[in-house]
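Peer 1: Could you put the whole structure together from the sequences, leaning on the hints where they help?
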Amino acid sequence: MSSAIDDVNSALLVMDVQRAIVDVVDDGSGYLPRLRAAIDGARSAGIPVIYVVIALRPGFPEVGTRNKPLAAIARAGLYVEGVPGTEIHPEVAPLPGEVVVTKRRASAFSGSDLDVVLRARGVESLVLTGIATSAVVLSTLCGANDRDFGLTVLSDACLDPDPEVHRVLVQRLFPQWADVVTVDDWVRTLPHARRHRAATAPPSTS
1 MSSAIDDVNS
11 ALLVMDVQRA
21 IVDVVDDGSG
31 YLPRLRAAID
41 GARSAGIPVI
51 YVVIALRPGF
61 PEVGTRNKPL
71 AAIARAGLYV
81 EGVPGTEIHP
91 EVAPLPGEVV
101 VTKRRASAFS
111 GSDLDVVLRA
121 RGVESLVLTG
131 IATSAVVLST
141 LCGANDRDFG
151 LTVLSDACLD
161 PDPEVHRVLV
171 QRLFPQWADV
181 VTVDDWVRTL
191 PHARRHRAAT
201 APPSTS
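Using the numbering used here, you'd call the opening residue of the sequence shown number 1 and step up by one each time.
Honestly, the hints are just simulated from the structure, not real lab data.
A portion of the hints provided could be inaccurate.
[Unchecked claim] What follows is a set of in silico ranges between Cβ atoms, one per label pair, in the way DEER data are often shown: (1) Thr-65 x Pro-90: 33 to 41 Å; (2) Ala-76 x Gly-28: 21 to 29 Å; (3) Val-24 x Asp-146: 46 to 54 Å; (4) Arg-147 x Thr-102: 17 to 25 Å.
All of these numbers come straight from a predicted model, not from anything done at the bench.
Ideal Cβ placement from N, Cα and C applies to all residues, glycine included.
Peer 2: Structure follows, in structure tokens:
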């Protein structure tokens with residue numbers, strides 16, 4: 001992996017990791033602890049953590065009948081603003097002062113002010129995590145690529161209801177646009193990890 005954080009300002013995006021979504025998609029493989037490790041690593045390195053949630057108004061005025069996925073969400077009454085299932089999962093909840101962006105479509109950029117937030121902070125490189133790989137992660141990756149952001153995807157901090165779809169995306173498609181690495185490999189590239197390795201390395205005998 002070529003680490004973007006050495007050269008430009010980065011942000012970690014935590015996308016759609018909301019109670020109702022986790023309850024349906026989490027496969028019991030330790031997804032939330034892995035994601036939390038990425039979040040903790042970013043915070044320790046001074047990298048902003050920005051949360052993205054899907055939240056729709058009561059009555060779903062922003063949902064068109066021709067949008068099949070959103071229409072199905074509306075029929076099921078899901079992801080309404082203020083409903084407990086729509087909140088970010090408490091195991092990875094934001095700290096006070098961390099930005100939470102609300103979107104109305106699959107992409108983190110669609111119907112939100114994410115681009116404004118990123119430009120205001122001078123962010124040039126994004127590290128993507130979230131649920132689902134084939135929804136918010138894929139859509140956001142396409143949008144971020146079109147906006148010329150540097151891109152990293154943390155493969156095991158993304159999750160999809162279909163493991164085969166997840167595998168094809170992270171192994172075949174995403175590498176065409178982004179660095180694709182595991183949480184552990186990414187955390188090892190962060191400044192605090194490099195300082196720790198330098199401090200604990202045995203003294204040179206040369």
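Peer 1: Does each hint hold? Answer for all of them.
Peer 2: Hint check:
The hinted window of 33 to 41 Å between Thr-65 and Pro-90 holds, with their beta carbons roughly 34 Å apart. Taking 21 to 29 Å as the suggested C-beta distance range, the pair Ala-76 and Gly-28 conforms, at roughly 23 Å. Between Val-24 and Asp-146 the C-beta distance comes to about 29 Å, which lies outside the given range of 46 to 54 Å. Judged by the Cβ atoms, the range 17 to 25 Å given for Arg-147 and Thr-102 holds: they are separated by roughly 19 Å.
The structure shown violates just one earlier hint, number 3.
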